[in-house]
Amino acid sequence: MHTLTVPAVMERFKEMNDFIERESLAAGFDRKTTNKILLAGEEILVNVIHYAYSNGGDLTISCGPAPGAGGIVIEISDSGVAFNPLDAGEPDLSLPVEERPIGGLGIFMVKNIMDEVRYKRENGRNVFTMTKRLPGEGSADS
Amino acid sequence: MAPSYAVEVAGDNARVTLSGKLDAVSAPQLAEELKKLVGTKIAKVVFFAEGLEYLSSAGLRVIVFAKQKIGPATEVIFVRAQQGVKDVISMTGFDGFVTFADSFPA
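So the sequences go chain by chain: X and F. Under the numbering used here, the first sequence has 37 at position 37, and the numbering climbs by one with no breaks. Under the numbering used here, the second sequence has 1031 at position 31, and the numbering climbs by one with no breaks.
For the record, the hints were derived by calculation from the structure and aren't laboratory data. Certain hints may be false.
Computed spacing ranges between beta-carbons, pair by pair [to be verified]:
id, chain 1, residue 1, chain 2, residue 2, range
1, X, ASN112, F, GLU1050, 19 to 29 Å
2, F, LYS1035, X, VAL81, 25 to 35 Å
3, X, LYS120, F, GLU1008, 42 to 52 Å
4, X, THR3, F, VAL1038, 36 to 46 Å
5, F, ASP1095, X, ASP115, 18 to 28 Å
6, F, GLY1051, X, GLU15, 18 to 28 Å
7, X, ALA82, F, ALA1106, 43 to 53 Å
8, X, VAL127, F, ASP1095, 30 to 40 Å
9, F, LYS1041, X, PRO65, 51 to 61 Å
10, F, LYS1041, X, LYS111, 31 to 41 Å
11, F, LYS1036, X, GLU122, 39 to 49 Å
12, X, HIS50, F, ALA1006, 24 to 34 Å
The C-beta atom is built at its ideal place from N, Cα and C for all residues, glycine as well.
Okay, chain F solo, but in the shape it has when bound (with noise of 0.2 Å):
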């Protein structure tokens, strides 16, 4: 069952929706979706994150590649994460640079 990202570029958004779980096994997929914004003006990274069940740190590498490569100034957003998925956000610090919305546009 290969997890399928949908990210889909709207001006100067990119938004992601992810599901299930965000793991060793599916993050590098998700990276290679990312790679493409890669050198493209992006000022938001909007994960849609209420399907998302699981987040591991190979998951939150690609939320780092997504800072650090896209751009340093691009925003991260998560909308409607799980409890479990911010305490993993919050864990590890990761929250000082990942915004929590309920919705998008807010």
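The shape of chain X in the complex, shown without the other chains (with noise of 0.2 Å):
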């Protein structure tokens, strides 16, 4: 298991995709699925980044092999304020067009991508744990 934690800042953000990408990588998927992954891990990290903190404060992402034959469990955490992606938000009307959440596209993407998706609050901790299986093994896709 392997473990980033950095402030939940815009500026970090490069940080975080490239720790995924790492992990992904080492756990034996290819360039097109580590996109994906990628992309999921994206949605949730701007999530948090954009609403859990308003004062600032960190985000964990955890990596660890998925349970059984293969793939990776990515586990991202924060402190902030209750926040449930799968239930897909109203979108924040204050935020310019661009910002704006495409209302529950993004989790839509991330519940495509992976074989598993939970979200649990957990000791004052929002806690999204996402499972993408190798091919093979009951992956959602190649």
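Take the two lone chains and join them into the complex the hints point to.
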């Protein structure tokens, strides 16, 4: 299990993205699938960055092997305001249009890409867990 | 490494050359460029996407922006998009208003 904890700010996004990229490739996913996993990660991370904290805080990404035959489990957690991304939220109309979520589109993509997604609120933290299995292990796609 | 997006207007076409990643970091910069087209007579926004390796929903938002804000009748064309990029556009149902092409002009 590898873990990265960084301030939940856009300036650190590349670091978060690079971490998931390394873990995905190390888990045996090809470039194409890794890009899709990064896409799912981006949706969740950007949500945390934009909405979790009003006065700043950290987010933690943990990556480990999927139980069973192979794949990756990515857990993204924060101690910000309780928010379940699986309940696709109301769009924030105060944001400029290009930053506004296209009503639940991002989370739809996450569900589509990953084999399993879960949210729990635990000890004052939002914990979002998503699993992608290697092809041939009951994966959602190749 | 700040990506730069070349937006070039020729007649009623806007030609946008994309490269690298169009993600939460880079999409707002492209949106700024495209905002300059709002209020102009643009019939087609042509994205030259051969060099685009990664497109996220933040990037898709920019495409929606092109469609909604420049003009509802604006045609959005992706030229030589890589399969991964096409997959993302199709996965979200956006292929309904994006035309894929091998070249432009066709």
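Hint by hint, here is what the structure shows:
1. Our hint of 19 to 29 Å for ASN112(X) and GLU1050(F) holds, since their Cβ atoms are close to 25 Å apart.
2. Judged by the Cβ atoms, the range 25 to 35 Å given for LYS1035(F) and VAL81(X) holds: they are separated by roughly 31 Å.
3. Here the CB-CB span from LYS120(X) to GLU1008(F) is close to 49 Å, well matched to the stated 42 to 52 Å.
4. Hint check: THR3(X) to VAL1038(F), Cβ distance near 44 Å, so the stated range 36 to 46 Å holds.
5. The hinted window of 18 to 28 Å between ASP1095(F) and ASP115(X) holds, with their beta carbons roughly 24 Å apart.
6. About 24 Å separates the C-beta atoms of GLY1051(F) and GLU15(X), a value consistent with the hinted range of 18 to 28 Å.
7. At about 51 Å, the CB distance of ALA82(X) to ALA1106(F) agrees with the hint of 43 to 53 Å.
8. Separated by about 34 Å at the C-beta atoms, VAL127(X) and ASP1095(F) satisfy the suggested range of 30 to 40 Å.
9. Hint check: LYS1041(F) to PRO65(X), Cβ distance near 55 Å, so the stated range 51 to 61 Å holds.
10. At about 40 Å, the CB distance of LYS1041(F) to LYS111(X) agrees with the hint of 31 to 41 Å.
11. Range check, LYS1036(F) to GLU122(X): about 46 Å between beta-carbon atoms, so the 39 to 49 Å window is met.
12. The given range of 24 to 34 Å is respected by HIS50(X) and ALA1006(F), whose C-beta atoms sit roughly 29 Å from each other.
Hint compliance for this structure: no hint is broken.
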